[in-house]
Amino acid sequence: MAVVDTHEKLLDIAAAADILFWPVAMDFKYRDAEEMADKSIDVCLFSGAVRNSENEHIAQLLRGKSKVMVAFGACAQLGGIPGLANEKRRQDILDFVYHGSPSTASQKGIYPQEITSVPEGKLKLPKFYDAVMALDQAVEVDYYIPGCPPEPARILEVVDAIVKGNLPPKGAVVGALDKALCDSCPRKREEKRVKAFYRPHEILFDPERCFLEQGLICLGPATRGGCSDPPRCIRSNMPCRGCYGPPPDITDQGAKMLSAVGSIIDSQDPEEIEKIIDGIVDPLGTFYRFGLPASALRKKRFS
Amino acid sequence: MKTISIDPITRLEGHGKIEIFLNDQGNVENAYFQVPELRGFEVFCLGRPVEELTRIVPRICGV
Amino acid sequence: MDNFEPKIIGFYCNWSSQMGIDSAGVEGASYPSNLRLIRVMCSGSVDPEVIIEAFKKGADGVVILGCHLGNCHYRNGNYNALRRYRLLQKTLEQFGLEKERLRLEWVSVAEGKRFAGLVGEMTEELRRLGPLRQFS
Numbered sequence: 001m002a003v004v005d006t007h008e009k010l011l012d013i014a015a016a017a018d019i020l021f022w023p024v025a026m027d028f029k030y031r032d033a034e035e036m037a038d039k040s041i042d043v044c045l046f047s048g049a050v051r052n053s054e055n056e057h058i059a060q061l062l063r064g065k066s067k068v069m070v071a072f073g074a075c076a077q078l079g080g081i082p083g084l085a086n087e088k089r090r091q092d093i094l095d096f097v098y099h100g101s102p103s104t105a106s107q108k109g110i111y112p113q114e115i116t117s118v119p120e121g122k123l124k125l126p127k128f129y130d131a132v133m134a135l136d137q138a139v140e141v142d143y144y145i146p147g148c149p150p151e152p153a154r155i156l157e158v159v160d161a162i163v164k165g166n167l168p169p170k171g172a173v174v175g176a177l178d179k180a181l182c183d184s185c186p187r188k189r190e191e192k193r194v195k196a197f198y199r200p201h202e203i204l205f206d207p208e209r210c211f212l213e214q215g216l217i218c219l220g221p222a223t224r225g226g227c228s229d230p231p232r233c234i235r236s237n238m239p240c241r242g243c244y245g246p247p248p249d250i251t252d253q254g255a256k257m258l259s260a261v262g263s264i265i266d267s268q269d270p271e272e273i274e275k276i277i278d279g280i281v282d283p284l285g286t287f288y289r290f291g292l293p294a295s296a297l298r299k300k301r302f303s
Numbered sequence: 001m002k003t004i005s006i007d008p009i010t011r012l013e014g015h016g017k018i019e020i021f022l023n024d025q026g027n028v029e030n031a032y033f034q035v036p037e038l039r040g041f042e043v044f045c046l047g048r049p050v051e052e053l054t055r056i057v058p059r060i061c062g063v
Numbered sequence: 001m002d003n004f005e006p007k008i009i010g011f012y013c014n015w016s017s018q019m020g021i022d023s024a025g026v027e028g029a030s031y032p033s034n035l036r037l038i039r040v041m042c043s044g045s046v047d048p049e050v051i052i053e054a055f056k057k058g059a060d061g062v063v064i065l066g067c068h069l070g071n072c073h074y075r076n077g078n079y080n081a082l083r084r085y086r087l088l089q090k091t092l093e094q095f096g097l098e099k100e101r102l103r104l105e106w107v108s109v110a111e112g113k114r115f116a117g118l119v120g121e122m123t124e125e126l127r128r129l130g131p132l133r134q135f136s
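Residue numbers (my numbering), protein chains in the order written: chain D, 1 to 303; chain S, 1 to 63; chain L, 1 to 136.
Do not take every clue at face value.
Stated by the list, open to error - Between beta-carbon pairs, the in silico distance windows are:
id : chain 1 : residue 1 : chain 2 : residue 2 : range
1  : L       : 36        : D       : 171       : 31 to 37 Å
2  : L       : 33        : D       : 302       : 50 to 56 Å
3  : L       : 28        : D       : 248       : 49 to 55 Å
4  : S       : 32        : D       : 300       : 28 to 34 Å
I should point out that these hints are in silico values taken from the structure, not numbers from a laboratory. Remember, predicted model here, so these are calculated numbers, not experimental data. For each residue, glycine too, the CB sits at the ideal point set by N, CA and C.
Using the sequences and the accompanying hints, generate a full structural model.
Rendered as structure tokens:
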């Protein structure tokens, strides 16, 4: 849907390209994709992570039909917010969704099945995997467009690059910079020595100064820059949440960030250190917010 | 029994499919709507800091 | 858990903890062979990513061994280890990895017996917890 956010420039995109498959905006069916010749799609912008067998099947199908496969957005690139489900076990998710949740009118023992027989025939559902995967854990990916969501201006730049044949070597993250966000952050940086970490509502913070220095966790040091200039979240007085994924050469965004946060804690007293760390109430959700499936903590689809 | 399969439903956010079973007269015997997606937002939101929720749940739809 | 022999990876620093481990040998304080040791220059140099990698590659437990606080050969390295280790431990606990699987211990040259004791204790604890299943 981020493509629709390009507003009237969508017409430019439509003029530059034949749209062969876009179920969210036009009435294409999976059958249409199946009937295409291999490599007949020049570029596929694939959004969403891989959670079930249907996601995987469509990813493989479109990979076969496409010359270039682009992981579009944080879910495809990193697993995204739905990747937080990897904190839980598959059965625990099914149990809560179909039985435990207070708003579910559940029937005892009923869970979705891959095949259900009804009087008229059989109904099929995909297999719900044990874990969420980023797109490149299921198929070969040529490029990544980061962001949750990707910025319309960056999308237009990438479409332009595609049309002009100006793409970098395969595997690149496009529409982004090759440095951490801090490099393009307009905030003042003095010294990083932190005696406490805060949640955003707990303090009135200085709108000109680095968030981390004030005890607010900002993922800037472990996040790729280039989302917008100045970075939108920072300009809106909120710390970076990490949606662009790690900077180049960093494989695990979460581990790098937690390392950075650990090193700015200004204390040599074990008890005080413990208290300061307690101020980070959800470390997994903070450090691995968008990238749990792509990180070193990735899980396999079947156990 | 003839089946008409609408897969996926389109022009909306989210995954869905419809199986329509026709009888010998060509009339609809039954139709089933299925949602072949589950992400577990209701589970992984539990225990998160409340200020995270306003940034997590919009990703349910994303439009 | 029958026949389960936990694998423990121990990152030990080149200074106090190396001497402590050597002392265990000299004093005849034996420790289970479940522990495989990897030498680093400083406990503070053990990257959280390396610890995660150890778990993914089959370790059921990881222990980091360094100089006592205040005695780090590089002055502040072990404080860095402490801060990052506690953050990592909390993060991994949320991921379902029990906190007993990751330990940070300060070992001095005089603590050979104590080192051997803690390895034995950790091995027992891991036998009780069972193999690490989070990544399989």
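Outcome of the hint check:
no., hint, verdict
1, L:36 with D:171: 31 to 37 Å, "holds (34 Å)"
2, L:33 with D:302: 50 to 56 Å, "violated (33 Å)"
3, L:28 with D:248: 49 to 55 Å, "holds (51 Å)"
4, S:32 with D:300: 28 to 34 Å, "holds (32 Å)"
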